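Based on the sequences and whatever the hints tell you, model everything.
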Amino acid sequence: MKKFKFPMRYVPISATILVFFVVYLIGIISFDNFGSPRVFLDLFTDNAYLGIAAIGTALVILTGGIDLSVGSIIAFTSILIAKMVSSGCNAMIAISLALAIGILFGMLQGWLIHCFSLPPFLVTLAGMFFIRGCGFIVSEESIGIKNDPVFSFIQNDLTIRLGKGLNLRFIVMLYLAVLLVAIFFSHRTRAGRSIYAIGDNELAATLMGIPVGRTKIMTYTIAGFCSALAGVVYAIYLKAGNPLNCVGLEMDAIAAVVIGGTLLTGGVGYVFGSLFGVLVLGLIQTLIIFDGRINSWWTRIIVGLLVLVFIFMQNLITKISKSKSKSH
Amino acid sequence: MNKTSNKFRHLVWPLVSLALLLLFNAIFTDNFFKIEIKKQESAKPAVQTVVPDNLPAAAGEAAAQAEAAVQEVPEQAQTSAKDSKGVSIFGYYLYGTPIDILNQGAKVMVLAIGMTLVIATGGIDISVGAVMAIAGAIAALLISLLDAGKCPGAGMGPEFYWIIPILAALVLATVAGFWNGMLVAGFGIQPMVATLVLMVAGRGVAQLITDGQIITFDNPGLVFLCNGHALFLPFSVWIVITMYVIAGLLTRKTALGLFIESVGNNERASRYAGIEARRIKWLTYVICGFCAGVAGLLAASNIKCADSNNAGLYLELDAILATVIGGTSMAGGRFFLSGSLVGAILIQTLTTTMYMKNVSPAIVQVPKAMVVIIVCLLQSPVFRAKVLSIFASKAAKGGVQ
Amino acid sequence: MDLLQTNGIEKQFLGVKALKGVDFSVKSGEIHALMGENGAGKSTLIKIITGVYPASAGTVYFNGKECKFRSPLDAERAGISTVYQEVNLLPDLSVAENICIGREPRTKLGFISKKQRKVQARKALARLDIDINVSENLSSYSIAIQQLVAIARALDVDCKLLILDEPTSSLDENEVKELFKVMKKLREEGMAIIFITHFLDQVYEVSDRITILRDGQLVGSYDAKDLPRIEMVAKMIGKTPDEINQMQAGIVKNSNFGDVVYEAKGIGRSGTISPVDVSVRAGEQLGLAGLLGSGRSEIAQIIFGVDPHDSGTMTMCGKSVNFNSPQKAVKAKVALIAEDRKVTGIIPDLTIRENIILALQASKGMWKTMTLKQQEEMAEKYIKLLRIKTPSGEQLIKHLSGGNQQKVLIARWLATTPKLLILDEPTRGIDVGAKAEIEALTQQLCGEGMAVIFISSELEEVVRDCDRVIVLRDRKKVGEVAGEDISLKNVMKLIAG
Amino acid sequence: MNKFATVIMAAAAATLLVTGCSKNDDSSEEQISGTGIKVGFSQVGAESDWRKASTESIKEAAKLKNINLTFSDAQQKQENQIKAIRNFISKGVEVISFSPVVATGFEDVLKEAKEAEIPVVLFDRAVDVSEPGLYVSFIGSDFVEEGRRAGRWVVANVGETANVAELVGTVGSAPAIDRKKGFEEIIANHPGIKIIKSQSGDFTRAKGKEVMESFLKSPEADQINVLFAHNDDMALGAIQAIEEAGKKPGKDIIIISIDGVKTMFEAIFEGKANCTVECNPLIGPQLFDVIEKLHAGEKVPARIPSQEGVYDSVGGINVGTDAEPVTTKKITQEIVDSRKY
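Chains as they are written, first to last, in our numbering: chain A, -12 to 315; chain F, 174 to 574; chain H, 6 to 502; chain S, 20 to 360.
No wet-lab data here; the hints were simulated from the structure.
Do not take every clue at face value.
Taking lysine-lysine and the DSBU-like style, the derived pairs with C-alpha atoms no more than 30 Å apart in a straight line are [claimed, not checked]: (1) Lys71/S / Lys212/F; (2) Lys559/F / Lys73/H; (3) Lys424/H / Lys378/H; (4) Lys403/H / Lys559/F; (5) Lys347/H / Lys306/A; (6) Lys323/F / Lys70/A; (7) Lys230/H / Lys270/H; (8) Lys52/H / Lys559/F; (9) Lys336/H / Lys230/H; (10) Lys267/S / Lys211/F; (11) Lys270/S / Lys323/F; (12) Lys530/F / Lys71/S; (13) Lys559/F / Lys71/S.
No experiment lies behind these values; they were computed from the predicted model shown.
Have a look at this one:
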């Protein structure tokens, strides 16, 4: 136990990274074209919105809370933007409005959770119903965003063409940027550390003079913002909005975060992990699509198993590190 | 004093909100409360005609199950059809919206019973919806096999062999609960994640069982569960009542309730007091699984088919809402079965009201969310305290106690 | 004008008056002991001073100006740092972060500088002469170290007033000495220290002045040197010195024991306690003496089956048994009142009644239940027997003071009519009055033929009460004294080795 | 315990590497990848019998024509579908076909397909794109027209006055919206025909039944004499509700729905429902004909309607326009038995 100096807390995330590459390798071996850079790039393109959502989820989970409203907020913001743009409003205004709403909604949830000490699960669950409903009120029908200057600018001019069919899209860059900011925020700012502190031991955090309430509300606000941003990305990604989309996405986000090595009890984990959580999920999906024979229900079962294994792994690690600290 | 008030305080707010909702209906929805006593005769012909309906479907299913011997299947099924009379005991039954609310709410109520116990131990089970699907799937599969005589026990004849699928479904669901319990209590995995596994995988398993098809059935026994009536009420209501009574006895007449609350409140101390905390938690998940099984059967019976994709979809959320509305804290500890039932009824009443009032399907979820938040606020002591301090900061002193 | 001065502080909790107009003052450069029974209002007073609660009435002057702190952070900024009884730190964060969180050194851009953070943390620890790897997770260090880290954190701001709320309860002799050294050093530096503890000799060892509270009221402030110990105790529990002498007097060493109740041969658990023999006879009170971490609690845990033993055998009343879970131990009529009341003792949201019957019910199993009437009778009986201060058995236990909670736990186990009762630090963190009562009670139980294993970090108690003492050091049994040989001197000698 | 747990976990980890990462052939169904044209097909999901049937028909047709089919199930999620199409492109299939979950949001990915010179054939649902030529052909039904046909049938059989209760499909889904549109379009110029109740039944039996029950309890209950359900499943659920209310489905309440699954045919045959507008899922063969043509470099029409009939209890009613008439077929035992789904 004492021998290898590799810190316990890095084990889950490195395991995730390992699994990612193993799966990737298997894909390359079993399918031609799987190794093509395009597949790798698409992995980011297709999961950018999930990734951004997962960042918010990760932060919330680090405080020991949970956010179920993610998917609904994405659907809502995307349809809102689509609706406004298609009815002739300037895209920038639409986007900023959407983001503002996301922020406010997150703040509201955080406020309810903190000020009345309601369980986050419950509040965000209600939030999920509410905002989804609002999405339908905006429009029951999916709306396409056609020849809007801003969107086509983002589409054409903000895309780096690396080669035929190899496009580094704006949304991917945006995702990576947000990810970097989030990582930096969570590790190098007091607010970020407070998130960890609260998740680790709320009472202690209070007594150590950490502004628990403010931090909590802030975290849910950030989560709301991330979801809204994910919604914007989604709108850019599809050039459309649809109130039906992203049902149950919150569960994918949570799964990604868990696979990324974050404990649901809070305080332990890395925002960075969510990246690989998302990638692993995406990769599994790609594998299944490439294979093209597996039934949809097997997809579900496999993802379930996947989550299970990662949980077991973490469980094992926490057990080990506990016994380690006891032996001190 | 303290004791009794504690017993009932949690019921106040959900009951009040339910009352308000009903009042609203009483005023704005004509004949919301109209309950007529129907005689079975009026329904019998209908039942008669129900019989041939779906029947060849069952046959079709059977055929689908195995290409061979499509011919004699209909006869087999016919015989099964003949005996599907007497959908009600005593010929009379009540008919009206409130009855529907109870009948449709039965699923969530049954779920809520199990969920309450799990939440009381400080856990949560988000897999019940998927488990419902599994239970429905296995039941439908078996009954279709039995109808086609492709399964041991078909000899009993359709008026008896429905017991087989029911038992099978319950056993399977209980096993699912056992699995959850193992992850949570056995391996000490967080309930949320542990049950997430089955939530994700469960529906897949259900589809695996039905091979992704919607299996229809028309076995009188199975159909009776959610469509039959007994002693004036839908049979499902009686199922709920029975489950509730059993759960009540199990938790309050034995020490189980005390143990659950103690474990949910301080697990380590409970272990030191000699309670087998792990087993208690495990047990609650098993019970929850069983309840999910019953709910799954109800769901399937209600529409006479197993729809793996939609059966119990998102019902886990309703069950959790019902429990919390009922006053059980998600942190674990004290639990209130009666409260959970009221919560479930409240949710169902809300939904039905939406239908009756022709609320655009789009916004149905919005009011639901609001009601949930409001009730939970009213339940939250912090909120009460704050309101109190706002209204009468002086009276607050006397106010509490 | 003193550094800290409170005038007529009052505090209401939902109708209950916790503090009734307390005037209290601390000078710079003194160690001021704040004494009182549990529920006397010590911690409430501290929490008001540090801004955890607002006062219902009264004013706090610090540094000459009146101040109303809204949060501990607020107080800390003003120069009041606090170290709480339980180590309240963040186990999964690094030591450095635990010391610096909330006030990390930042780069010009306002981001945390990890390097500076480590430096700062090392500096803070150096002040207490501790040298550990500050980037390790806190959880990987012992409780004692964690406690010192907490103090280091408290000192890491320019703090004028340091409040230590029972800092020594989880430290062993040497660590306490270390701590006292630090405290004295700080006093030299002109810092004011408020020191809360239940270890009387410690009070006299370091403190200059003593303030005593009782039932939320100020009894008085005295210079340590002209307040005899017995008098202080008297003031704390509101009795006269002679009364106390009587309380102590009832205790006699009895020597005629019944036959062996519990016997363990070479039970041990690698990494926790090396194999030892333990045996207790009916009516005997066996003491386990030793410093914290010497293995005394560990033995209790093993006997009660909380931690499985990986060597040795045990017999209960002659029958060989193997307790690998508390359930088994309880069924065999062993009872353990474990160290940490909050974590391993009370079920906060259950009523006193339920807390009392819990263990008995657990041993009966799920199906054999007691009627509400039986339960209430049992609760009443013990509330009377142990003089638990409560209006009724239907009160939630969390509303009781520590001493009374402890009594409820004792009641819980007496209800199971155990043959062997293990008390691990039953007197920690509870007031002198309750201590005496509990000591007397254990004596009485022995008299009635119960076998008792008594663990306490207060050697006087062990020496006073036990008929036989097993002494442990560094997870090993280093000796055993019985009957007349039991004296502070002998035991100390063995402990010191 | 701890050891035991460890073992289990190790085992589980192993399971993953086998199940998750291997192509787990054990789970895959009968080999459907031939050696011929490489085709990628993305199905909406497996949400209903109808969908299941269309999947079956595609897989069978692919086998017959020895197509190298990569099949992917989007589980009703557009995001999955887009991922699938992207992967098809990277995998380098020769033709892509899919039945869109929704009409919008496929523009970019279709552009990519075009860049990669992979022809796209839409199946069962259309998409709306700003520029033409993003897909070469669309095979399948026209939801709006289905709605119209249902409307015309009502007009023809119930007459000028009718109080319609409508069971809407999943809110926001393409078929729900279009079928509603088409139906309302027709009854718009028949003031006597009113939709007095309209509520979503999510395309499922359970919801269909639950909603119908509440309709039948509502004040307007007795006025309802026509039920228009957006799919057969909801209609079948509603029939149960009507019977339990002691009314005669198909007589007291005329029932029209869309899809034409076997169970619905039976219901009509037994006189418990009146009409179902077929929405034919079995266009796999048709699809692959087109694909083969494309592969051979022939031109194909941009819109290929699937042959669909309308079945009812009466027969011989024109529910098409005068321009292109569509007359209903009366359901007979043969028709029922010939139904495969």
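So, going through the hints one by one against the coordinates:
no. : hint                : in the structure
1   : Lys71/S / Lys212/F  : violated, 40 Å
2   : Lys559/F / Lys73/H  : holds, 21 Å
3   : Lys424/H / Lys378/H : holds, 26 Å
4   : Lys403/H / Lys559/F : holds, 22 Å
5   : Lys347/H / Lys306/A : holds, 23 Å
6   : Lys323/F / Lys70/A  : violated, 55 Å
7   : Lys230/H / Lys270/H : violated, 49 Å
8   : Lys52/H / Lys559/F  : holds, 21 Å
9   : Lys336/H / Lys230/H : violated, 52 Å
10  : Lys267/S / Lys211/F : holds, 15 Å
11  : Lys270/S / Lys323/F : violated, 37 Å
12  : Lys530/F / Lys71/S  : violated, 35 Å
13  : Lys559/F / Lys71/S  : violated, 55 Å
Hint compliance for this structure: hints 1, 6, 7, 9, 11, 12 and 13 are not met, and every other hint is.
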